[in-house]
Structure formats: C-alpha cells, structure tokens
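Since chain A is already given, all that's left is putting chain B on it; use the hints.
Chains as they are written, first to last, in numbering that gives the first Met the number 0: chain A, 0 to 155; chain B, 0 to 267.
Heads up, a few of these hints could be off.
[As the list claims (entries may be wrong)] The calculated lysine to aspartate or glutamate pairs, modelled on EDC-like cross-linking and capped at a C-alpha distance of 20 Å, are:
id: 1; chain 1: B; residue 1: Lys64; chain 2: B; residue 2: Asp87
id: 2; chain 1: B; residue 1: Lys64; chain 2: B; residue 2: Glu74
id: 3; chain 1: B; residue 1: Lys81; chain 2: B; residue 2: Glu70
id: 4; chain 1: A; residue 1: Lys37; chain 2: B; residue 2: Glu74
id: 5; chain 1: B; residue 1: Lys119; chain 2: B; residue 2: Glu265
id: 6; chain 1: B; residue 1: Lys64; chain 2: A; residue 2: Glu33
id: 7; chain 1: B; residue 1: Lys175; chain 2: B; residue 2: Glu265
id: 8; chain 1: A; residue 1: Lys37; chain 2: B; residue 2: Glu70
id: 9; chain 1: A; residue 1: Lys133; chain 2: A; residue 2: Glu146
id: 10; chain 1: A; residue 1: Lys116; chain 2: A; residue 2: Glu154
id: 11; chain 1: B; residue 1: Lys81; chain 2: A; residue 2: Glu33
id: 12; chain 1: B; residue 1: Lys159; chain 2: B; residue 2: Asp115
Quick caveat, the hints were computed from the structure, so don't treat them as lab data.
The lines below spell out each chain.
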Amino acid sequence: MNINFTLISQAMAFAIFIWFTVRFVWPPLMRAIENRQKTIAEGLAAGERGKRELELASQRSGDVVREAKQRASDIITQAEKRAAEIVDEAKVAAREEGDRILVGARAEVEQEVFRAKEILRQQVADLALAGATKILRREVDEKAHAELLASLKAEL
Amino acid sequence: MASGTELTPTSYMSHHLTNLTSSIGEGEFWTLHVDTLVMAALTGIVSLGFLWWVVRGATSGVPSKRQAFVELAIEFIDNQVKSTFHGDRHAFVAPAALTVFVWVFMMSAMDFLPIDIMAKVYGLVGLHTWRSVPTADVNTTFALALSVWLLMIFFNMKVKGVGGWIHELVCTPFGKNPLLWPVNILFNLVEYISKPLSHSLRLYGNIYAGEIIFLLLGMWAATGLAGTFFGTLLNAGWAIFHILIVTLQAFIFMMLTVVYLSMAHESH
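Bound conformation, chain B alone:
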C-alpha cells in the first residue's frame, strides 16, 4: 500500500492496478510497463530455462522424474498439436505451442502470489507500484495475439503464395462468383480482425477479472472480523479455482494459436 496516502477502496484498487511505467519518448505510446516486461521476462526465462536445463541432460534411456515430468508436458502438447496440425509440426508449430502454453501459464500463475504480501515485498526494494501478473496487462496479451496473427499471415503467404492467399481472401467462403467478392472480403476482414481480438481479450479478461476478485476479497477482509474470516476462506477457494482458470486459459490460448496457424497452412 502506498505510504502516506489515506487508504480507501478506490486507492487500494488503483494502487494494485497501476503499472510501473517508464517513458522512453514523447507521447503516450512511448511508455513501457516495466513491471509487465520484467515479470514476463523472468517467468519466461525461468520456465523455458528449466525446460532447457532438463532437456540438455535428457537421456533416451530411463528418464529421471524431472525429465519424465517435462516429457509428459511436452508430449501432451505434442499430441494436441498432432490432432490439429497436419504438417511438419516439429519445425515450428509444436515448439511454438509449447512456448505459448508454458509462458502464458507461468505469467498467469503469478496471480497466485498473495497480492498484498507481494506489494510489501516489492515495497522493501523500493517498488511501490508493481503488478505481478503480465497477462493481466492487455499489452502482453495483444503482443502475443498479434504475433500469432502476423505468423498466421506469414504462413498463409508462405504456404499458398501471396496470390493464393489473396484468392482465398476474395473467393472464400461463399464462392468464386464476382458478385460474391465484396461479401467474401467483408467476411474475411471480420474474421481477421476478430481473431486477434478474441484471442487476446479472452486471456486478458479472465486473468484481469481474477485479479479484481482477489482485490475485492482483500478489501472485504479489511472490514472486520467476519470479513476477514469469509474473505480468507473465499480467497483460498478462489485461488484454488483460479488454478483451473489459469491452466485452462493457457491451454485455450495455446490451442487457438495452433488452430490459427494450422488454418493458415490449409487451403480451401
């Protein structure tokens, strides 16, 4: 909690939902959310570094428990990709799906950190506004979704050629008849806009809402003995339920990535 200011519900909420920003140029766009970037980089480096560390010592003989765990996770993702994407998945799509799943899961899992205790911990090192959950920042989810969107367009052009892709934009889904071209283009436009939006906002909304509920329960816990009791109880319950949400959202995000990329590989 920010020192020196009176604690009201509004200040509590806004304090926890304020990013640590750093301006790198003129204008509103040229600011960085330092907390989002650092937490995202940390979670990515830690989780993918762990995978790399395990994989580097991977044996094709009897695996250690650690290796078995990593293999289980990777084979789970590999199977998901295999059922959706029909091509050489090992070249790009499957490892990309692994990255997305692990990274998104870890970023969202930062939500499990008790928010006020973490605020105290960050306060000790002089960080008075610091948000732990990168996926509760719309910049992160948009970054991921737009990257996937660009990859989708890239693979569309790579697999079908620029002409083939444009042909698909103009002639599907309704037909080749020139009268239908405007409808087709409109339809595809809506699809291409809605894909990254739904992709990113679904994750953002779920994680952000989860964070808000933690904050509301935290506020309730500050209202008195009953509030503390029920607040704590519900907080624990919500945290447990949130494990499911986080895993599910990471999985959905990964599956959508795979589906979008495999749709880009298939011509109609």
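Chain A with its partners taken away, still in its complex shape:
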C-alpha cells in the first residue's frame, strides 16, 4: 500500500472517463428514451381516443339503424294506407264510371225508343194519310189541304 503518482494518473483517467460519459454516452441515450416515452404516451392517448370514438360511433350507428327501422315501418304503414286509399278511389271511380255509362246507355235507349216512336208515328200518319187519300181521292186537294194534312201528321 504505497501512494505514488499512479494516483494522479488514475484521477486524470477518471476525469477523462467522466467527461466522455457526460458528453457522449448519457445525452443520446436519454434523448432516445425520452423520445420513446413521448411516443408511447402519444400512442396510449391515441388508443384511448380511438376507443372513445369507436364507442361514440357504435352508439351513433345504433341510433341511425333504429331511426331507419322506424322510418321504414312508417313508410310501409303509409304505403299500405295509400294502397287502400287507391283501391277505394278506384272502386268509387269505377262505380261512377259504370253509373255514367248506364245513364248514357239509358239515355240512348230512350232516344232510340223515341226515334222509333217518331218513325212509327210518321209511318202510321203516312199510312192513315194514304188510307184517307184513297178514300177521299176526289175531294182532297193536296194543295188546299196541305196545312190540314201536316197538322194531322203532327198530331199522330
């Protein structure tokens, strides 16, 4: 155990080693570690945020689905109602149309009947007139009795 100049040399070596560590070893690694810690913290925060967003989104999608179902059932109900209405309207329209056709047909028939009567009456009048003419050949002057003949024809 003898103290000598080795002590001072070792102290110098120690100083150099400390300087080296302070300068070259410690800062880069601390920087790397701190950067990683920051990255991890950010990642964790992002994960948390993502989870919350997912929760929110699933809630929102549930709402949307529920609303869509509601609307779909509304639409179906409306459509059924509308279909029933259309059917009713069609029935009414058909009945009206039928009535109108019936009325028209009846009017036509009446008209036809009337015309037939007219023709019949005309023929009867002609016939009567022809009969009367035959009977009264001499006495009847067509010219003198034209007025009388026409009123007769109308009366028949």
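Same frame as chain A, now just chain B:
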C-alpha cells in the same frame, strides 16, 4: 510464477501482489503502477466504449436487446440518482454516477480472472509481475475518492458560493453561536477527512481481501489432492460470492459518490 525462484507461500503471495512499476522521476512518489494504469484504462475504454457504441446507434423506436440492456442499466442508475439528488442530474451527477458504477464494476470484475492462469498468460508476453485488478491498488480507489472529494468541494463553492460554504463549515451542524465555532469546524474537518478515506478504503479493502482469499485458496490447492479438491470447490464458491461483492461494492461506491455530490448541492 516468477521463474528461477523457489516457490514458497511468501514468494507466491508477494509475487501476485507486486505491481509492475515504472519510475518517472526521483523519489518514491514518482513511480507508476503500469499494470494498474493499463488495466484501468482498458476496462474503462472497453466498458464505456461499449456503452458509446450502443448509444450511438440508439433508436427511440423498438430497441434491440443490446440497447435494452444498456437502457436497463442506465435507467437503474438514473433512478438511484433521482431518489438522492434533487437538481439537474442529467448535466453531471447522473452520467458521473454511471461512469463510476460501470468503471469500478469492470475494474473489480478483473478479480474473476483466474489469477495463476492469467500470470502464465502475462508471462508469455514477458510481463512477470502484473496485477489484473486496478481497484485492489489503493492508488486507484484514492484517485477516485479524491476526485469525488474535489468535485464535492467544487460543487459546494459553486452552489453556495465560497462565503456560503465557509459559513456552513463554521456554523453547522451545531449552531451559529461563536462559542460553537471550534466544535463545528472540528466536526466538519473530521467529516471532510473521513469521507474520502471511508469511500476509497471500503472498495480497496473488499477487493484486496477478495484477491487475498483467492491467493490463499490457490495456495491450499497446491498442498495435495484434498487441498486441490477443496481449494477448487471453495475457489468456485468464493468466485460466485465475489460476483455479489463486486457488484455491491461498485454500487456502494456509486451511491456514496452521488450522496456526497448531492450533499454538496444542498445547503443547511
């Protein structure tokens, strides 16, 4: 073992405990323990160089196993420093603690090298006296402890100012009363002397004693068959136990460094 001399226990012991010296001037003080210096420099360069090599390629992404190991060691030390030193530890104290821990551990770990085999290996390159363990040389431990002591005084003056430091020397721990000044000064003197002594001699004593026990077991192993058997067994056991001692002593040395430096930063 030195060639040409008769092998006695005394020569065996003294051979293994003799430094390779080199004189650089007149007088006993101007000698160098070449083996201590070279081994200390080698262990320091290798271990800190390894750290530097790993750190240079350090990524803040997913670390490699190598980087993870270095980070584990450094964060362990950083946590120790954080719990003791309250200030900007990254500027000096924490890296200094890292240097102390790694270097002291590596220097003491040279004790694990089998002492007689290493002597043969050194003998092959012409080094007949060569001690592998720098921390078993009191010069190394004193160098470290005194460096820490000087740093302690430097930080005392830097943080508190020269006046503040002197005030602390005179007025603590017992009080400001002028009657108490001599007691305070005496107390602080004892403290300032005992700090580097206990700091350095604790490490030196543990490692030196470990080396001596390896040597004693080696001597026993040379006494016969039973001696070889038990010597080998105990040598292995002591080596395993010594791993704990070396790590513990490196840790204690580092913690004391940190504690002394943080005490220098705190005013009473």
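Hints breached by this structure: 1, 5, 12
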